[in-house]
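Asker: Each chain is listed here by its residues.
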Amino acid sequence: MFSEAVKIEQRVEEGKGITTLRFPMGAKVRPGQFLMVWIPGVDEIPMSVSFIGALAGITVKEVGEATRALSLMKEGDVLGLRGPYGNGWQLPPGRVLCVGGGVGMAPIMTAAEGMADRTRVDVAIGARNAGEIIFEGRARRASDDVRTTTDDGSYGLKGTVVALADQMMREKRYDVVLGCGPEVMNRYLLKACKQHSVPCQLSLERLMKCGAGLCGSCVIDGLRVCADGPVFTGEQVERMTEFGRWKRDDAGLRVSL
Amino acid sequence: MFSEAVKIEQRVEEGKGITTLRFPMGAKVRPGQFLMVWIPGVDEIPMSVSFIGALAGITVKEVGEATRALSLMKEGDVLGLRGPYGNGWQLPPGRVLCVGGGVGMAPIMTAAEGMADRTRVDVAIGARNAGEIIFEGRARRASDDVRTTTDDGSYGLKGTVVALADQMMREKRYDVVLGCGPEVMNRYLLKACKQHSVPCQLSLERLMKCGAGLCGSCVIDGLRVCADGPVFTGEQVERMTEFGRWKRDDAGLRVSL
Amino acid sequence: MTTSLETDICGTRLRNPTMLASGVMGETGDSLLRVAEAGAGAAVTKSIGLEPRRGYPNPTLVELEDGYINAMGLPGPGIEAFGEEMSVALKGGIPIIGSLFAAIPEDFVTLAVRMQEYGASAIELNLSCPHAKGYGMEVGVDPEAVASIVRQVKAAIDIPLWAKLTPNTHRLLDVAKAVEGAGGDAIVAVNTVKAMAISVEARRPVLFNRTGGLSGPAIKAVGLRCVYELYEAVDIPIIGVGGAETSRDVLEYLMAGARAVQIGSGVGRRGLGVFQAACGGLLRYLEEHGLNSLSDIVGVAHVQ
Amino acid sequence: MTTSLETDICGTRLRNPTMLASGVMGETGDSLLRVAEAGAGAAVTKSIGLEPRRGYPNPTLVELEDGYINAMGLPGPGIEAFGEEMSVALKGGIPIIGSLFAAIPEDFVTLAVRMQEYGASAIELNLSCPHAKGYGMEVGVDPEAVASIVRQVKAAIDIPLWAKLTPNTHRLLDVAKAVEGAGGDAIVAVNTVKAMAISVEARRPVLFNRTGGLSGPAIKAVGLRCVYELYEAVDIPIIGVGGAETSRDVLEYLMAGARAVQIGSGVGRRGLGVFQAACGGLLRYLEEHGLNSLSDIVGVAHVQ
Ligand SMILES: Cc1cc2nc3c(=O)[nH]c(=O)nc-3n(C[C@H](O)[C@H](O)[C@H](O)COP(=O)(O)OP(=O)(O)OC[C@H]3O[C@@H](n4cnc5c(N)ncnc54)[C@H](O)[C@@H]3O)c2cc1C
Ligand SMILES: Cc1cc2nc3c(=O)[nH]c(=O)nc-3n(C[C@H](O)[C@H](O)[C@H](O)COP(=O)(O)OP(=O)(O)OC[C@H]3O[C@@H](n4cnc5c(N)ncnc54)[C@H](O)[C@@H]3O)c2cc1C
Ligand SMILES: Cc1cc2nc3c(=O)[nH]c(=O)nc-3n(C[C@H](O)[C@H](O)[C@H](O)COP(=O)(O)O)c2cc1C
Ligand SMILES: Cc1cc2nc3c(=O)[nH]c(=O)nc-3n(C[C@H](O)[C@H](O)[C@H](O)COP(=O)(O)O)c2cc1C
Ligand code: FES
Ligand code: FES
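Residue numbers (my numbering), protein chains in the order written: chain A, 312 to 568; chain B, 312 to 568; chain C, 159 to 462; chain D, 159 to 462.
Among these hints, one or two may not hold up.
[What the hints assert, rightly or not] Under the rule of at most 30 Å between Cα atoms (straight-line distance), these lysine-lysine pairs were calculated in the DSBU-like manner:
1) C/Lys291 <-> D/Lys335
2) B/Lys385 <-> B/Lys339
3) A/Lys558 <-> C/Lys335
4) C/Lys291 <-> A/Lys558
5) D/Lys249 <-> C/Lys335
6) A/Lys318 <-> A/Lys339
7) A/Lys483 <-> A/Lys558
8) B/Lys558 <-> D/Lys249
9) A/Lys385 <-> A/Lys327
10) B/Lys558 <-> D/Lys291
[Stated by the list, open to error] Every beta carbon over 10 Å from chain C, so not counted as near; a handful from chain D, in silico:
11) Asp224
12) Ala379
13) Leu441
14) Tyr443
15) Ala459
[Unchecked claim] Calculated Cβ distances over 10 Å to all of chain B for the following chain D residues:
16) Gly234
17) Arg309
18) Thr404
Calculated directly from the structure, the hints in this document are not laboratory data.
All C-beta atoms, glycine included, are put in the ideal place defined by N, C-alpha and C.
Given only the sequences and the hints, what does the whole structure look like? Please build it.
Answerer: Listed below in structure tokens is the structure:
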């Protein structure tokens with residue numbers, strides 16, 4: 312664990328409303344872990360690490376106040392970071408299919424790049440439209456089989472990324488599927504993996520306050536997404552009665568997703 | 312720095328009123344460093360480490376309440392330790408003469424044993440009488456030239472250990488002299504070393520409360536014996552106006568030695 | 159006779175003396191259940207108030223090397239919705255202690271009665287949160303105000319009543335005596351120490367609320383001191399809390415006079431295994447020293 | 159204009175804002191001289207009383223990973239003998255601040271007058287030691303008592319009068335306002351946090367006095383909070399103390415509102431180089447940020 316303030320060194324617009332911020336960071340991070348990112352004067356929110364290494368990075372999609380403020384930050388601006396938190400992916404030997412929906416590509420990309428052998432990792436990238444497809448070039452550098460899909464068909468195949476993943480599982484035998492995206496995508500991906508009897512790991516999201524396993528705001532059933540996750544195995548997710556149905560609001564009240 | 316409680320594993324009577332206590336200790340110690348030793352319910356006092364290694368040890372001479380209580384401790388009794396504190400000896404390349412008076416042999420012995428080459432370290436052991444000569448056997452295992460002296464001539468040569476050291480400096484060329492004993496011994500040893508133009512290091516004692524460089528109770532001139540010493544170079548000692556003349560009592564008042 | 163870690167706090171029997179501290183994982187029934195599975199002897203709920211509260215915006219937590227500073231702002235679903243969580247929590251089979259916060263005695267009474275209905279084994283009054291305006295330590299430093307709350311709540315419930323106190327006052331012992339005098343059954347000490355963090359780069363306080371409460375190893379020596387002093391000041395049982403993580407920490411609290419020890423920050427720093435690890439160490443300690451029960455060490459640091 | 163670390167506390171000019179805290183190496187003139195040579199901007203003496211005092215028997219110090227707990231018991235040579243030490247200390251060329259402890263205003267006056275004669279640049283009233291019976295924090299939590307001491311001492315001396323306060327009370331701001339109202343020139347915050355250590359093996363408190371005062375990094379967040387709150391409560395200068403060791407710590411205190419920062423435990427943990435290292439970092443910070451003087455950052459954490 313560390314807590315530090317960093318200066319943004321590089322800002323890259325990855326797509327429509329999706330921005331990468333790069334900064335030097337001391338701490339060692341494993342693929343799939345996240346940081347609590349403090350935008351001084353605004354908010355502090357969880358962000359997956361999308362670039363590992365000396366020039367680390369996060370990739371943010373604008374959805375509300377904090378993500379907008381973060382997206383608008385400039386080179387030289389200061390961010391507070393604490394973490395890394397969470398368990399990260401378990402990368403087994405064998406063939407891996409990485410499935411990322413939208414900005415869910417952030418933690419997926421570090422997993423793909425974390426594989427030693429590019430012939431053993433395939434990537435399925437999905438988004439609502441062409442503007443939201445990110446990291447395709449990076450993915451092609453890490454894998455021989457990268458496919459894309461958009462809901463509206465404006466880029467790549469037309470359809471959902473789960474349909475694409477299903478197709479790929481039909482074609483090849485994978486030892487594990489890693490998935491990150493909107494909860495509904497995760498839910499259908501889990502279903503598809505079950506049909507093909509492929510074990511999967513899903514990175515989940517919930518409202519996070521502390522990020523450190525204390526406050527309990529991020530729990531799904533008894534599991535803290537921040538400390539017990541954010542990556543859960545398919546079996547864990549299947550046992551979650553709240554998955555795909557409920558989340559907790561700021562007051563800890565259960566509200567439907 | 313560490314703070315731990317240990318159980319005494321071995322108790323050895325080294326001489327009249329001089330007792331060694333051995334215990335397992337986690338921390339790494341350099342020759343010449345000391346511990347603050349807590350005798351629960353009695354007092355906490357500074358004690359040089361007289362044995363370095365997995366079974367560390369201190370060697371205590373009974374002079375008052377705390378040292379008596381310590382001397383009476385049995386195997387299995389609990390001691391509190393904190394430290395190691397202090398700078399320890401600087402062991403230069405070349406020929407070393409170790410000079411210990413009485414229980415002053417405690418930090419001297421670890422220096423002698425710390426020398427890689429037994430032909431390069433000589434030891435002069437002095438005491439008031441035969442019963443107070445300690446560590447002669449240990450010294451002989453560490454050095455080829457070990458000589459002893461007692462004030463009353465009851466063992467070894469008759470005379471002071473400084474006279475003996477002076478004699479040895481006349482015979483051989485030393486690159487450094489290490490000394491520890493009563494302040495008057497240290498004072499004359501410093502003088503003898505000056506006459507022979509041999510650099511020396513002296514381990515000094517003062518009333519210690521904190522041992523950690525904070526309280527200031529152990530100062531000689533501006534120097535804290537606990538943190539700046541207990542080992543000082545001859546040049547440092549020569550510049551001390553209080554050395555050999557004054558010490559500070561519990562209230563910080565200057566009293567004559 | 160076999161070695162046992164059982165302990166008893168004015169009638170509430172605990173299988174072991176470790177307890178989840180309030181505010182950590184205690185907002186939902188499922189989490190409390192997991193804490194029971196992880197081996198805690200009891201679990202205290204998040205402090206619950208009358209209405210749902212969102213708490214403060216983030217940042218609500220600062221992580222230091224030796225602890226945390228938090229200013230959550232007492233978020234919670236409110237007493238109404240918490241009934242459902244309690245019914246889940248109770249399945250864990252360990253005593254669930256209902257922690258409550260309010261500004262006036264009447265509200266504490268309302269909350270305590272509901273908590274009792276929900277099946278709480280005891281009530282813990284949060285008279286000590288250092289960062290929520292109008293609550294917690296703002297009432298908890300005034301012996302008369304505390305006595306009045308304790309007296310009224312005590313009259314309204316049948317289960318034991320615990321009062322959790324703040325170390326941020328020179329009147330700790332006066333407040334504890336007020337609790338005892340008003341019929342309180344146990345003292346819980348301590349809540350967090352009022353503190354803050356400033357970011358040099360951002361040139362501002364880190365927490366949204368600016369100040370917060372320091373917890374974890376940084377405050378263990380403060381909590382121990384409070385328990386030690388309380389043990390000599392009151393006769394009702396004391397529950398220690400503040401920086402406890404290992405069996406050694408728990409032993410220190412027991413020797414200072416605590417009958418049980420709550421763990422909060424340790425859950426974040428060491429994970430949920432913290433309870434089982436501490437209990438394992440306690441058992442070994444008792445066995446090595448030929449002791450049958452914890453009562454042989456509670457308060458021994460006072461015997462000289 | 160060149161970058162300068164100079165600071166001014168109600169007329170006392172300091173070459174830099176680091177200052178030796180009371181009780182650390184401040185009992186003898188020679189030590190204070192060394193602290194001047196080591197680069198401190200000023201040095202506060204050990205708290206001096208009317209008579210020589212031996213302090214408590216050992217153990218008087220516990221070393222923790224993140225600080226110390228001490229119960230020295232205010233040892234010292236007494237005001238009479240301290241004149242000689244002062245004359246040595248003054249050779250260092252930096253302001254020497256005379257720290258004093260007493261139980262009643264009259265004794266504080268006697269002490270302050272002598273300290274002024276000895277050449278102290280200012281007086282620091284120790285109203286905050288948590289472990290000496292009848293002194294320090296026992297008077298320092300009562301605003302009226304504090305006002306009376308400050309008023310009487312102020313009337314008797316010409317040099318500035320500082321009051322050092324305890325964090326072990328919920329009345330910190332009331333006490334500070336009492337100091338200001340009675341004519342005090344500056345507030346020093348904080349003294350140690352009341353704490354203790356228990357040895358599991360020995361089954362007893364470690365310190366002879368059982369309780370003591372926690373200092374070092376463990377209390378930095380507490381000291382920062384106090385300084386931050388004081389800055390909004392009083393207009394007189396504030397001097398921060400508690401866990402400061404690095405230039406970053408000093409910056410945090412300055413941003414919270416301190417004009418200068420005292421270092422105590424840091425001298426033991428990092429050595430006497432602590433002052434120069436902190437000042438080096440401060441200079442670099444000012445230069446990197448294009449600032450000429452510290453006044454540009456004092457209190458900036460309050461501007462949002
Ligand atoms: C472990 C983890 C990793 C994350 N990694 C990334 C990342 O790499 N890139 C990225 O862009 N985002 C990531 N997020 C999501 C991001 O934290 C939220 O989008 C952000 O907190 C929203 O803050 P806001 O103030 O902008 O939006 P708000 O104003 O808080 O909300 C705007 C909308 O987004 C919804 N929303 C808010 N938070 C979440 C959430 N956690 N999950 C789902 N919906 C939410 C709200 O319900 C609302 O509809 C991650 C979340 C978690 C838990
Ligand atoms: C760095 C250091 C290392 C030491 N190492 C050893 C060691 O290895 N073995 C050992 O036996 N002793 C050692 N001492 C000395 C030992 O700490 C004292 O003898 C002890 O503190 C005396 O405590 P007491 O209660 O028994 O005696 P007290 O009742 O305190 O005093 C008894 C008599 O001893 C004198 N005395 C007390 N303390 C000292 C002192 N520090 N120096 C000189 N005279 C003193 C008193 O003036 C009095 O005359 C060391 C001291 C220091 C500072
Ligand atoms: C994130 C967090 C939230 C807390 N919330 C509450 C609370 O709601 N009610 C309460 O009485 N104490 C609360 N506390 C205080 C703890 O119960 C405990 O008293 C304190 O943290 C010291 O124990 P620890 O060092 O083991 O964490 C909270 C502490 C933390 C860290
Ligand atoms: C060994 C020791 C002795 C102290 N003695 C005094 C004292 O005599 N008077 C006083 O006002 N403060 C005394 N203090 C408190 C310090 O001046 C300071 O307020 C406190 O230690 C916090 O600062 P730090 O964390 O930098 O040490 C003492 C502290 C220590 C560690
Ligand atoms: S965000 Fe607080 S426990 Fe997960
Ligand atoms: S014994 Fe305290 S400074 Fe040396």
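Asker: With reference to the structure, classify each hint as holding or not holding.
Answerer: Hints and how they fare:
1. C/Lys291 <-> D/Lys335: Distance of about 21 Å is within 30 Å: holds.
2. B/Lys385 <-> B/Lys339: 24 Å, holds
3. A/Lys558 <-> C/Lys335: Roughly 44 Å separates the two Cα atoms, so the pair is violated.
4. C/Lys291 <-> A/Lys558: Measuring from Cα to Cα gives roughly 28 Å; hence the hint holds.
5. D/Lys249 <-> C/Lys335: 53 Å, violated
6. A/Lys318 <-> A/Lys339: 18 Å, holds
7. A/Lys483 <-> A/Lys558: 35 Å, violated
8. B/Lys558 <-> D/Lys249: 22 Å, holds
9. A/Lys385 <-> A/Lys327: Holds, because 17 Å separates the two Cα atoms, which is no more than 30 Å.
10. B/Lys558 <-> D/Lys291: Within the cut-off at roughly 28 Å; holds.
11. Asp224: Contrary to the label, D/Asp224 does not stay out of reach of chain C, its closest Cβ about 4 Å off (not over 10 Å).
12. Ala379: 4 Å, violated
13. Leu441: Per Cβ check, D/Leu441 is outside 10 Å of chain C; nearest 15 Å; holds.
14. Tyr443: 8 Å, violated
15. Ala459: Label violated. Min Cβ-Cβ 5 Å, cutoff 10 Å.
16. Gly234: 6 Å, violated
17. Arg309: It holds; D/Arg309 is separated from chain B by about 30 Å at its closest Cβ, greater than 10 Å.
18. Thr404: 18 Å, holds
Checked against the numbered hints given earlier, this structure breaks hints 3, 5, 7, 11, 12, 14, 15, 16; the rest are met.
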